[in-house]
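Asks: Okay, here's what each chain looks like letter by letter:
Protein chains: 2
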Amino acid sequence: MIDALIKKIIKLQNPTCVGLDTDFNYLPEDMKSGVSSFAEAADRIFEFNRNIIDSVSDIVPSVKVQIAYYEMYGYQGLKTFARTVKYARKKGLIVIADCKRNDIGSTASCYSKAYLGKTPIGGRQLQAFPADMLTVNGYLGSDGIKPFIDDIKNNGKSIFVLVKTSNPSSGELQNLKLDDGLFIYEKMGRLVEEWGCDTIGDYGYSEVGAVVGATHPEEAARLRLQMPHSFFLIPGYGAQGGSAEMLKVCFDNRGLGGVVNSSRGILCAYKKPEYANMTYYEAARAASLDMRKDLSDAIGKMGR
Amino acid sequence: MIDALIKKIIKLQNPTCVGLDTDFNYLPEDMKSGVSSFAEAADRIFEFNRNIIDSVSDIVPSVKVQIAYYEMYGYQGLKTFARTVKYARKKGLIVIADCKRNDIGSTASCYSKAYLGKTPIGGRQLQAFPADMLTVNGYLGSDGIKPFIDDIKNNGKSIFVLVKTSNPSSGELQNLKLDDGLFIYEKMGRLVEEWGCDTIGDYGYSEVGAVVGATHPEEAARLRLQMPHSFFLIPGYGAQGGSAEMLKVCFDNRGLGGVVNSSRGILCAYKKPEYANMTYYEAARAASLDMRKDLSDAIGKMGR
Numbered sequence: 194m195i196d197a198l199i200k201k202i203i204k205l206q207n208p209t210c211v212g213l214d215t216d217f218n219y220l221p222e223d224m225k226s227g228v229s230s231f232a233e234a235a236d237r238i239f240e241f242n243r244n245i246i247d248s249v250s251d252i253v254p255s256v257k258v259q260i261a262y263y264e265m266y267g268y269q270g271l272k273t274f275a276r277t278v279k280y281a282r283k284k285g286l287i288v289i290a291d292c293k294r295n296d297i298g299s300t301a302s303c304y305s306k307a308y309l310g311k312t313p314i315g316g317r318q319l320q321a322f323p324a325d326m327l328t329v330n331g332y333l334g335s336d337g338i339k340p341f342i343d344d345i346k347n348n349g350k351s352i353f354v355l356v357k358t359s360n361p362s363s364g365e366l367q368n369l370k371l372d373d374g375l376f377i378y379e380k381m382g383r384l385v386e387e388w389g390c391d392t393i394g395d396y397g398y399s400e401v402g403a404v405v406g407a408t409h410p411e412e413a414a415r416l417r418l419q420m421p422h423s424f425f426l427i428p429g430y431g432a433q434g435g436s437a438e439m440l441k442v443c444f445d446n447r448g449l450g451g452v453v454n455s456s457r458g459i460l461c462a463y464k465k466p467e468y469a470n471m472t473y474y475e476a477a478r479a480a481s482l483d484m485r486k487d488l489s490d491a492i493g494k495m496g497r
Numbered sequence: 194m195i196d197a198l199i200k201k202i203i204k205l206q207n208p209t210c211v212g213l214d215t216d217f218n219y220l221p222e223d224m225k226s227g228v229s230s231f232a233e234a235a236d237r238i239f240e241f242n243r244n245i246i247d248s249v250s251d252i253v254p255s256v257k258v259q260i261a262y263y264e265m266y267g268y269q270g271l272k273t274f275a276r277t278v279k280y281a282r283k284k285g286l287i288v289i290a291d292c293k294r295n296d297i298g299s300t301a302s303c304y305s306k307a308y309l310g311k312t313p314i315g316g317r318q319l320q321a322f323p324a325d326m327l328t329v330n331g332y333l334g335s336d337g338i339k340p341f342i343d344d345i346k347n348n349g350k351s352i353f354v355l356v357k358t359s360n361p362s363s364g365e366l367q368n369l370k371l372d373d374g375l376f377i378y379e380k381m382g383r384l385v386e387e388w389g390c391d392t393i394g395d396y397g398y399s400e401v402g403a404v405v406g407a408t409h410p411e412e413a414a415r416l417r418l419q420m421p422h423s424f425f426l427i428p429g430y431g432a433q434g435g436s437a438e439m440l441k442v443c444f445d446n447r448g449l450g451g452v453v454n455s456s457r458g459i460l461c462a463y464k465k466p467e468y469a470n471m472t473y474y475e476a477a478r479a480a481s482l483d484m485r486k487d488l489s490d491a492i493g494k495m496g497r
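Residue numbers (our numbering), protein chains in the order written: chain A, 194 to 497; chain B, 194 to 497.
Honestly, the hints are just simulated from the structure, not real lab data.
Be a bit skeptical, because a hint or two may be false.
Note that the list lumps identical chains together, so a pair holds whenever it fits in one copy or between two copies.
[To be verified] Derived lysine-lysine pairs resembling BS3-like cross-links, with alpha carbons at most 25 Å apart:
(1) Lys486 <-> Lys311
(2) Lys200 <-> Lys465
(3) Lys380 <-> Lys370
(4) Lys464 <-> Lys370
(5) Lys283 <-> Lys370
(6) Lys464 <-> Lys225
(7) Lys486 <-> Lys225
(8) Lys311 <-> Lys225
(9) Lys279 <-> Lys225
(10) Lys311 <-> Lys346
(11) Lys204 <-> Lys283
Bound conformation, chain A alone (with noise of 0.2 Å):
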């Protein structure tokens, strides 16, 4: 699936992916109205989502929705996660679901066929969540990542394993120095360099990713020569403060290597001055558009 990624950023020149973190307060006043049930909300997140989704189609390779936010609205609220994930792959869209997942083994298994694999019931073999790559947490080590990679070579499927995460406080443990030297988050690198070895595609990077925030320009660029063959989710573009200067970094001498999420800055869009007198689905469009310029004008062209 990473090949697949790759392609679409090089046709489309935009390493971009739009974040559906579809948090209910940030639909426009008259699609909230009237609402007062998780049910109602899913509905109209789902709405919302399809129009945004059917507005960037063909201008952004890939889509990450972020589970928290429709867990937050109870089962109802994991329907419209279903099905923005269903109707974002039918329009073309490399969907990443974004979980964080991490358990033992057996538990991990578990996770691995709600979004990568098949649920088997009375000899039939059903979908739950069926997106195209996963982010998880390596906190527990190998055992709790091989079901995830067991699924990627059975279904073409890809994972994105956090490194060093975008947030303020991500260094607390991340940078911690271990006592041959390397920071924590370089450790967890070379284990995902090593669960991704055998899972190479045609550039060069395996199925098993790292997501690498833009907003720690130092520890990225150190991660990028010390990860050769991963690629790079990189969240905290826009909202959190990570430029395209602060991110080009995570970019190879081909102008590959990562792609790059937005989220508040395209659903939120049309709350701007700049995209005043646009719908929300106009607005997220213009804002992807200035977001691939904005990062083509810093990393170049892609797949030179």
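Model the placement of chain B on the given structure of chain A, informed by the hints.
Replies: Just chain B now, kept in the frame of chain A:
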């Protein structure tokens, strides 16, 4: 909420929780018969859970509901998760949602709303999956934990942070040594003590507990000494190889300090020769009583 759990443990002389990691395949053949959709499977799983809860609610203080086993049945599975959480609380059990959630602050606050708080919609405050306690992963540091702490304080809840997990490869990251001589799991333990320091209850334990596996007694003993204010959620007993003798180091000299989970050992007890000729819920009760005796023999009187 930690005081309520400890009081129940003392009253019932039973420091256990029943792990409702209910794989559809664990159900007896007659309950599985004719099922071929997520909705049907989810309904049968709820029926199974309800009978287990009815059968053990007077002898165990708590249940732990592992959400991965529900996510693999789609949003219908999560409807059963919500129903199970609510039913168990109605029956007086303290409910631990085992979700190991983790993200940056703004996203963590969505997770916290989903499990420990409320979600605002159109002037109403709705509860998605109203648990008493939640497991979380601390890899992102303080700002990913803070939203949970806020809901703990506002709503009388608790969390358990992953410190030393029960799986065989937990040491790959957790047992690396830092340049100051601490192991990573010890450093995480210190963060947990800090995060909980102003939520300490009547028994000296805080609302921010730690997940510490029964399968690693040496690490557990160190952590008990280093984390005097942290209550432990102890997985790994039974099917994973942890014994009462191994995990008794998690308890203090009052016979308090932890709650021990067993999942398959109780849910699937009816498949074992020693519980033959019992229904699955009778076998679950018998296995829970056997587990209580086993733990009591090792730990001694609780609340002495």
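Asks: Against which earlier hints does the structure fall short, listed by number upward?
Replies: Hints 1, 2, 4, 5 and 7 not satisfied by this model.
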